[in-house]
Amino acid sequence: MKFDTVIIGGGLAGLTAGLRLQQKGKSVAIVSAGQNALHFSSGTFGVLNEGAEIPENHPYMKLNLEGYLAEVIPFFASAGVVLKGNPLKNSWRITPMGKRQEARFFMEDADPLEGKDTLIGKKALVVSFPGFLDFNTSFLAASLEKSGTAVRIELLALPEMDRLRENPSEMRSVNVARVMDRAWNKVVSEVKLLLKGEDVIVLPQVFGLKDSAIVSAIRESFDQKVLFVGTMPPSVPGMRTQMKLKQSFEAAGGTFLMGDEVLSAEISSERVVSVKTRNLGDHALEADAFILASGSYFSKGLSATTEEVFEPLFGLDVNFSEGRSSWYDADFYSAQPFNNFGVMTDEKFRALKEGKPVLNLYAAGSVLGGADALRLGCGAGVAILSGLAVADAIAPESK
Amino acid sequence: MKMQEYTLSAHNFEECMKCTVCTAYCPVVPANPHYPGPKQAGPDGERLRLKDPYFFDEMLKYCLNCKRCEVACPSGVNVADIIQSARIRYSKSKPKLRDRILASTDFMGTAARPFAPLVNAVTGLGITKSVLDATMAIDRHRTFPKYAGKSFEGWFKRNAAASQEQFKEKVAYFHGCYVNYNYPQLGKDLVALMNALGFGVELLDKEKCCGVAMIANGMYDGARKHAAHNEKVLGKAASSGRKILTTSTTCTFTMRDEYRELLDVDNSSYRDNLLIATKFIYEKVNSGEVKLVFRKDYKAKIAYHTPCHMEKLGWGVFSTGLLKMIPGAEFTILDSNCCGIAGTYGFKKENYAVSQEIGKPLFDQIARIAPEVVACDCETCKWQIEMSTGLPVKNPVSILAEALDLEATAKLNQHE
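Protein chains in written order, with the numbering used here: chain A, 1 to 399; chain B, 400 to 815.
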């Protein structure tokens, strides 16, 4: 099967690059070994923590950072994903523990707070459902009280949820959200009865699994401010975003091979000719260009033995340091060097193998070296911006 | 040293890191609260069961074995295999008479076929459905697939076998119970199509039911016997270099993966030779070995449903790739959604409501698109979608046979 571009990895980077290329009229196949990190999303995308220096070898140094940041909101809008926030400046969100965390782009559920100390309100009503363990109201209330907001917790028992309660281990955000697709306006009317002069309502992110219109409809139903705070995974806004990106990619003519895995690649005169997958067997996927968006250690885009950190599919160059003891810092909370390891590329994101670029193989997302996402808060930013940049490197002409 | 090589476990059980993605994609969880969900039923429960089989939960029977958890898993854990193999190892429940009847597709086919008109008339009666519902817990809403008066094998021997000799290149065909007893037309379409593409078709040396319904209904010894038999006849065809084509995703998936993963039957003798007919045809068209001439007057609005086991096989691209080639087709790929029938599962009274709830988003989407025909490579999805939407469902092979100018195609594909 022949495509213009084959992308290895169906997470945020792969979907971004794939949709961009497909919008430019290219034919694209994405091979995705299972679902991706969007399922653990906080409902926001970080680009870079305030005050953090961008290291010399960071992927951002190879792209027009401000230019691409300005494109993020319109690009996601083209896939039906509403993002909010100032592209050039961080805002703050409330974490499931009630702490403040900075981020750049906010899905419809998350509400950007201007500053780290911005009060969410004078009095907050935190609402959850009996038996829903993935939204810890007590932690949340304690932290909010500390920051100066009085908090009252109410558990809302709805008969629609009774069936879910028969199976506590499956009372997860996504299953609650499926019930809420039918019962959300009941939540609105019940919460109205529970209000006792609060100026802000805090709800878990369990609304609008398929469409964020429910989220905005709930906001519009109240005079009070409504905040949606993240739950334990799976993430409802993250799953919705992944679904929208994938649907848009397929609607634009893209081929998404879910649950398949690239096992081998044929390289000839410094170019990738084709890749073979577990499901397709001998039937190779050929393309003019390939994108490696296979993720980091968790998704096996990077792997390690006691001696080396390596990229398992193509054997690309990885910027790991000599000697295992130099990979980590014994202080758990310090920067961990292994988070900085990843595939090395040239200025156009073409992956290096034995010091030389593979001419039609590009790398995007967290497989890239030089980006300690945990330290810099740049994980989603690297995925989106390198995804866009790689797509533009492959197809420089506009559509 | 690669530590991982020394910690490999059955069905990649150890790779689970409890992310819950499988549960988010399980079609049963939202519809049936009594099912513990793939994470709990699979890797979580397995840790306990390995300590003490006491922890086996009979509620695992609610697993559809659709494999959507495996397709979604980011860590490569074969969640459904863990669940099904736990049922095989630990379940104490014996299949009921009803389960045995539903599972014995080839035996029932052989018994019913000579009396097909009578059997069809009787099973179609409201009173029969009520009796089956009351006495056997087979849901009254279900329509039994009709039995054909003449089996596909009989038709093939009388009408097709001789003419296959003229073809130099041949493929073998595993037709399955459905084509043989219920819907020989699909097999006839396959033969007509392959002949037009320049390939002769031969049947296997007495195939047996793939056994998927036996696995689902706890008849594991029977399933193993069928698997051992089929391994011999499929292996024999493969050893003579034949590709073995099929027109059912579930039979294919069962013989390709379930034999090996669940029944411990080594199927390496034929595994790489067994494939869905559309994959074979697509590859031949793709390489230019085969040319297609479509009828100019063929027009149809087609929506393609990807069966769960096709999702798992990852071969949907071949069926959709071929259907997209039809110039007169207005073509949509439906969203990935289980239809809810899962073979014999949806026939059982206790599962009927769950089955219909699982399939609802699919039926709703089909109603919105309003195609003339739904394309699908699975016979049980076909029953479910036809019953639930009122629209005809056809195998892509049959649609291709209709859309092609078979005579003109045959002229272009006379292999020397």
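Hints are computed from structural coordinates only; laboratory data are not their basis.
These figures come from a predicted structure and were not determined experimentally.
Incorrect hints may have been included.
[What the hints assert, rightly or not] Chain A stretches covered by chain B per the calculated footprint, using a threshold of three residues with CB under 8 Å from any CB of chain B:
#1 226-240
#2 250-259
#3 333-339
Even glycine gets a Cβ: it sits at the ideal position worked out from N, Cα and C.
Structure-based check of each hint:
1. Figure legend: the segment 226-240 of chain A, annotated as covered by chain B; annotation consistent (3 residues with Cβ-Cβ distances under 8 Å, at least 3 required).
2. With 5 residues having a Cβ less than 8 Å from any Cβ of chain B, the segment 250-259 of chain A passes the three-residue criterion, so the hint holds.
3. Counting residues of the segment 333-339 of chain A whose beta-carbon sits less than 8 Å from any beta-carbon of chain B gives 0, not enough to reach three: the coverage restraint is violated.
Violated hint: 3 only; the structure is consistent with all others.
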